[in-house]
Amino acid sequence: MTYIPKPKLHHPSLPKNKLGFTHRDYEGSVSTLCAGCGHDSISAAIIQACYELDLPPHRIAKLSGIGCSSKTPDYFLGNSHGFNSVHGRMPSVLTGANLANKDLIYLGVSGDGDSASIGFGQFAHSIRRGVNMVYVVENNGVYGLTKGQFSATSDKGSKSKYGALNNDSAIDMIGIALQLGATFVARGFSGDKDQLVPLIKAAMNHHGAAFIDCISPCVAFNNHAGSTKSFDYVREHNETVNRLDVMVDHEPITADYAPGTVELVTQHDGSVLRLRKIAAHYDPSDRIAVMNYLQERAAAGEIVTGLLYVDPEGQDLHDYLNTVDKPLNELGTADLVPGNAALAKLNESLR
Amino acid sequence: MTYIPKPKLHHPSLPKNKLGFTHRDYEGSVSTLCAGCGHDSISAAIIQACYELDLPPHRIAKLSGIGCSSKTPDYFLGNSHGFNSVHGRMPSVLTGANLANKDLIYLGVSGDGDSASIGFGQFAHSIRRGVNMVYVVENNGVYGLTKGQFSATSDKGSKSKYGALNNDSAIDMIGIALQLGATFVARGFSGDKDQLVPLIKAAMNHHGAAFIDCISPCVAFNNHAGSTKSFDYVREHNETVNRLDVMVDHEPITADYAPGTVELVTQHDGSVLRLRKIAAHYDPSDRIAVMNYLQERAAAGEIVTGLLYVDPEGQDLHDYLNTVDKPLNELGTADLVPGNAALAKLNESLR
Amino acid sequence: MSKPLEAVNDFVVKFANVNGSGSASANELFARSILRMGVPVASRNIFPSNIQGLPTWYEVRVSEAGHLGRRGGVDLMVAMNPQTWNADIGEIEPGGYLFYDSTKPIPPSKFRDDINVVGVPLTAIVNKEFSDPRQRQLFKNIIYVGALAALLNMDVATIETLISEQFQGKDKLIAPNVKALHMGIDYAKQNLAPLGIRVRKADAVGNRVFIDGNSAAALGAVYGGATVCAWYPITPSTALAEAFMKYCRRYRMDKETGKAKFAIVQGEDELASIGIVLGAAWNGARAFTCTSGPGVSLMTEFVGLGYYAEIPAVIMDVQRGGPSTGMPTRTQQADLIGAAYASHGDTKHPMLFPEDPGECFEMGALAFDMADRLQTPIFLMLDLDIGMNDWLTKPFQWDDSKQIDRGKVLNYEDLQSGKELQRYTDLDGDGIGFRTYPGTHPTKGSYFTRGSSHDRLAKYSENGPVYVENVQRLLRKFETAKKMIPAPVRRDAKAKTKYGVLYFGSTSPSMHEALGVLEEQGVHLNAMRLRGFPFSDDVINFVLEHEQVFFIEQNRDAQCRTLLVTESNLDPARIVPVLHYDGTPITARFIIDKISALLKARNVAPLREVAGRA
Amino acid sequence: MSKPLEAVNDFVVKFANVNGSGSASANELFARSILRMGVPVASRNIFPSNIQGLPTWYEVRVSEAGHLGRRGGVDLMVAMNPQTWNADIGEIEPGGYLFYDSTKPIPPSKFRDDINVVGVPLTAIVNKEFSDPRQRQLFKNIIYVGALAALLNMDVATIETLISEQFQGKDKLIAPNVKALHMGIDYAKQNLAPLGIRVRKADAVGNRVFIDGNSAAALGAVYGGATVCAWYPITPSTALAEAFMKYCRRYRMDKETGKAKFAIVQGEDELASIGIVLGAAWNGARAFTCTSGPGVSLMTEFVGLGYYAEIPAVIMDVQRGGPSTGMPTRTQQADLIGAAYASHGDTKHPMLFPEDPGECFEMGALAFDMADRLQTPIFLMLDLDIGMNDWLTKPFQWDDSKQIDRGKVLNYEDLQSGKELQRYTDLDGDGIGFRTYPGTHPTKGSYFTRGSSHDRLAKYSENGPVYVENVQRLLRKFETAKKMIPAPVRRDAKAKTKYGVLYFGSTSPSMHEALGVLEEQGVHLNAMRLRGFPFSDDVINFVLEHEQVFFIEQNRDAQCRTLLVTESNLDPARIVPVLHYDGTPITARFIIDKISALLKARNVAPLREVAGRA
Ligand SMILES: Cc1ncc(C[n+]2csc(CCOP(=O)(O)OP(=O)(O)O)c2C)c(N)n1
Ligand SMILES: Cc1ncc(C[n+]2csc(CCOP(=O)(O)OP(=O)(O)O)c2C)c(N)n1
Ligand code: SF4
Ligand code: SF4
Ligand SMILES: [Mg+2]
Ligand SMILES: [Mg+2]
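Chains as they are written, first to last, in numbering that gives the first Met the number 0: chain A, 0 to 350; chain B, 0 to 350; chain C, 0 to 613; chain D, 0 to 613.
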């Protein structure tokens, strides 16, 4: 990593997206993570996804907890508001932010310690509520920032650098998210950007709670042989069930595919997900079958990646609460204060 | 309920168990719960189970959080130490108690709000750690003590007495316990004592984390038509997969059964569980199949009860930590304090 | 047999019932009827932490003089609960009255011979007319109201009106209730003589309203423009959130679309609730949570984030008896230090102290302006006595010209016109920087919010001087807060005096009553009621003006006195704690006794010890 | 070019490195070598909250006089980090020395002309001999140690011994390290003159040991008989739990069975950690947790339970810069109020203030006796400066005749012989009742523990007088705690004086140095070091003895002063805060400047304002 801040002036030849923004307009300040940390690749994928989706950076709010992973929102989308809250509590802060303004895109970034250990409850309940968000766990199976202790996704039986043995069974966040009613569930790998970028794009277009478990090796503390969160292990055991293309402005589907190899899913917002099947019989719309399949593959030591489950008609918390279309943070005195006449009437009823 | 405390003097004709204790010796102070509350039936089942197992009352420690359910430890096992801790934190307090003395039986009593809402994280992590305990959730799908708000197991779409609508998807604690590696998982119903008592007995003989989700209707706030936690609903949709007999002192199995209708499971401590199958093909040893089956039945609105999953060879936290056989709370100065000589040596290495 | 008490419009009636027996509405009917007769009442529930079957009490103080604090002692006991019979009888003042259900004979030994016993065979009467058990239970309550009406010579028409108002909609319930009422009246008229204590029509209530503080605070939140409420049930604050929902449904549904101009979420716990509040406030909505002590403790870490990252938030703490689970259904003012200095590191948080439901409303609204203007969490400190009891309080009013004040926020136009966001820079000397809401402008004004150390422009910094400058600015901001706290209310003694008294919150009515009595006894005290924290110079000067100031609090450790001394550097020796903390509301009698005793003790013992002992 | 600094065994060397470049062990080798030469050193890490790539510093103060506090200023800067070059150069005292890697030429403009520049082509030298990049990085560090050894005239044999000790086991690493060392020595000998600052063998270290406070506190827990540790990682306390595990593995494995006489659990968070501790302590094991500010905030509710249900617990708080996430890698004493009054309701918790690793060990053990005897949570308040830096401290000692004191516990024999358990009854006037461990006796001595209000026999009670009696007993218990807190340490000035100074914890070394200097300047101060909370009468009398007492703290809000005034009723006007809180350890220079300034100001401004301003 370097310390000379990159010049922000735009080279005219830099490619621009529909909004006239260049890739740089979606970058953040320079990362302070270890060279080679998986988290930096995820930041790059987020930048890529937002650029390709032509999203106005300021319409995205990025929130996180505490950890190396939770630091990353500082390293992408420099023109977006960011909130690095407290350890394990991003989900509640994001939920509140979302209530205040239903019009922004909410990107929650967390770690496995942040979401599976201290934050397991908040993770679970934010999913249950159907908060409209993209919830990314940068899962390295270890506490990076505090130097290598176990998290709740660490492999049972693994040994920490100071000799402790992990005896707790590891939490599979995907399985939990599915049980709790997430309407979009995917697993990615920081080492496979081609797969990850479309997953993030699809999640951002999803209406409801979209959860992405992204394996993201920690080169400093959990990339050794034997770690199921190491680059090598994930590469060897990565079982991809499908590949995804996200089409937001409904280009006609020209290319034709062998029957049963492609599935088109139209999400609530009109965006179309083109699923190129790899595991022929994998059906990401059958929640129970998906859970069963994932359990079996996990038992076999395989890491299943791809868009694992999607309910394109997912509802969100605002639908449930039946809130007005105008963001709550734009309502003014006239909208909110009933006035003195109402009080006079109320007083009468209290005598 | 009555306010005249029962006379404690023992009628000579009262039946006694092997320890010479009568049923009364396992009772507690008079319940202050609502007449007809499901929780009182569970207390009765616990008393019955301990009596039948000939357990010395003082070798049991009863712990709870806060709620009507969490009050119940005051109403059974009056000769046992009890700890009514804080809301949602029974699992951590029980874990600590268990570490201090591996020789007692730890009975954790909680509610659905206590364990699925505020306590979801602690519930999950205590199960993951394989704490040797019986963890009973007295599940009424509502906050009783605070008068009828939703808990995380309340039915999605249900309406509270002050008109709030519940939009969050309900947590199935059994599914979560199975995902997190519980080695004994059962569901009971406060209205079916014959089924519940043996489940509690089996759980007490289990070595490892034993979880019992016990549906326990709240007559004050959640027993109305339409509530899946009402007496009527549970009776109508109770799908019992098996019936259980617990044999602690290895009586020879005399009676013979039609093949495939009975299964014998010998637990770590030697106790034998005789499972009389009701759902013929239900196999409580196949975790993934069990999860799959339960998901399907739940989707069909059925409440599956019985001993749902058991791993008779379950290990516990003390096995993992490799602690000495003597309870830690019995170790004295000689065991614990290395003494001055050790310090002299240490000092040398620090110069 | 000591002579029967004689009093008009000045006595205490206590109802002893069983929790869940439906007595609450009958008892409230009794209290409201007296109010409608123009006589002020103060009513208080004393209930257990359970749902059904345990003893509960409802205490009604009738006081034309307008003393609304708890008086202590009972002139008429309505003993409907066998479990508590003995204790209840014991509480009756000599010469007082006992009202009971005489259906079953009760051995004379169970009575006292210095009280007047009034038996009415309620069960017999009700069973004659009604067969359904639930009806029997409910109407038995109405029957005793009727009997009391006759005995206390209350206006029957008024009671009937109230009954018909109460059952508007369910009109067919009106007749049987009125009937039950008259069954009681008739029995009393035919068999009993009126009591020495009596209600007489008066005009002492004025236009005041009768409401609980939780509802009033919730109404304040509606008028304060709160749009997001995240909460977790806990006694005694639960009703506050429920009332907010009720008022929002009434006042905040969009006429055309029928959609909600509010979002209420029951969090999974208090950590989630405050997290949701901070997230919503960060994103520009007015947000609050309501809780009690245990919840405040769980919010501690997040409150520190709100302080340091400077995020507006309103926390309504309906205080109950502590510590830990403590006495969930009893009242105390014991979360003051916990709230004022909540969280690790150097932190301070403004608090507001409403004295009654009227101020719960005003301060409930004010808290949101303060939070936005100060960009920090604000605590509204209620207690169970104010929160869960109906109080007679001044009618609600609102100045319709008032506009919501969002504090220092840069909007699109500001940024577009070149105003630069310097998030944590003190441009105005008040310690407060400007903020922006997320999504305001495509290229200008975004910033990164964090709980870690940061510089004037919100960038991460571990630099010592940068840190010091920032936290010193927070002290200036706290100075600014002083100016926003409602000024303390002073009432001077009739005669010049070297003694003063400080008090706050639900202590007010008892304090005012005590001041009157003491004045009559020739004990002159200048009094000052604190309305919030931090304290203005008026408070400090008040203490300096007096040789000796008594500080009345409803906690064990003189917590508010600690805050005063800490923030003011006043000599604690001049501030003598007077502490009531058994979980019942403080009474005038207690204050009078303590202060009198202290004034005596003063001349013998050095102050420090007095303070120590108190 | 101002004249080069001349000093023997009295100077400050600062190493500027990049996080994760392996410089730590080389720098420690440098410090230890000087120690082995009999010259005291104090070393401090200044590091960022990240894992790799950001700037870090290692400061070594060499002081034969034995001043172990941070001095401030740098006499010799070893500038190995280009990122921070300018700032690092800026810190050098006029006439001081700059040591740098001269392989790449650096423009003269980048230097200062009032310092002495010493260039050694480290990269060139190391690259000539080594090709593997990792080796190059590591040995470059050893080479500069060699060069410094020559320049400062250090004893080479000593360094070689340390190297061979360090690599015991991995013996083949010894040769290349020694070789690298000599490459540095040789280059310096051949090309450079020794500096004006020098190390000379002395005998000023004595038998002291060099260790960090986290390790020492962990060792204290082992000797205190702790068997259960539940913790959650957080800087700067993580190393404490890791050290406890290390020492338990060394001292607590059963010889025969190889099984563990301890249980260490990494909780899922701090709520779980303290919950596990309370559960274990309730069940008769000695248990503790270690954390820092944010963790203490999360434990708040549980601490209140421990206080009210009276459960022993030890909480080791290694304080860092607050509020909120604050400055995780900087030091402060700013959790005092948060810990002392943790939780809602009326609560108070004893605290211990170790001044160095030696006391971390003693108090680390003592805390467990106190917790058991007082049956309440005890806080051991370390800070990052003590916890994470190696300090020279008195050797560890233990009285082998000492037996663990479990406090008031009834065992089987007691109960059998008819002793009755009255859990919360004050039989001895010390406010402490007897308890039993679960499972003690089949029919006697069981009780129900709860956080709700209870009577003398642990039964639930909502009765006011019962509640009051119970919480007043807790105040008596707090009085008992005073007697258990180690007595304050007093050192009087050479001359009689009306000025005093209070201090505690890691402030000690700088305070002692400052006292010496002030004494020389004719400023006489009686000093008292507080070793814990609550404060004994000695402390109060000390304040009363003096017209003016300065209270030195490392926080913004004078938190310890607040505790003192609150608990003692002393007039705060006589206690003047002297506050250092930029996250760096306090220095003697700072204390001297502040106190001198305050003494001047005293004569012009009234005290209250001084206090206000300070
Ligand atoms: C309340 C609290 N407890 C502990 C910490 C210390 N802490 C900071 S990050 C972290 C764990 C981070 O692990 P993870 O979420 O997996 O992120 P990673 O660094 O691995 O990306 C911990 C324990 C904290 N900041 N706050
Ligand atoms: C920290 C905290 N928050 C809130 C409460 C209030 N409270 C007491 S019991 C309870 C819910 C109990 O529900 P559940 O666990 O389902 O028990 P039930 O009464 O239904 O048996 C709540 C919210 C509390 N005691 N402590
Ligand atoms: S420690 Fe691990 S997670 Fe943290 S930055 Fe380094 S590699 Fe990434
Ligand atoms: S409220 Fe419900 S849960 Fe509580 S005691 Fe009554 S019936 Fe049982
Ligand atoms: Mg991680
Ligand atoms: Mg419940």
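Among the clues, some could well be false.
Cut-off 30 Å, straight-line C-alpha distance, at most; resulting in silico cross-link-like pairs (BS3-like, lysine-lysine) [unchecked claim]:
| hint | chain 1 | residue 1 | chain 2 | residue 2 |
| --- | --- | --- | --- | --- |
| 1 | C | Lys443 | B | Lys146 |
| 2 | D | Lys103 | D | Lys200 |
| 3 | A | Lys344 | B | Lys158 |
| 4 | C | Lys393 | B | Lys158 |
| 5 | D | Lys245 | D | Lys401 |
| 6 | A | Lys155 | D | Lys103 |
| 7 | A | Lys155 | D | Lys178 |
Please keep in mind that the hints were generated in silico from the structure rather than gathered at the bench. Small disclaimer: the values here were computed from a predicted structure and weren't measured.
For this session: State the violated hints by number, sorted upward, taking the hints as numbered earlier in the document.
Result: 1, 2, 4, 6, 7
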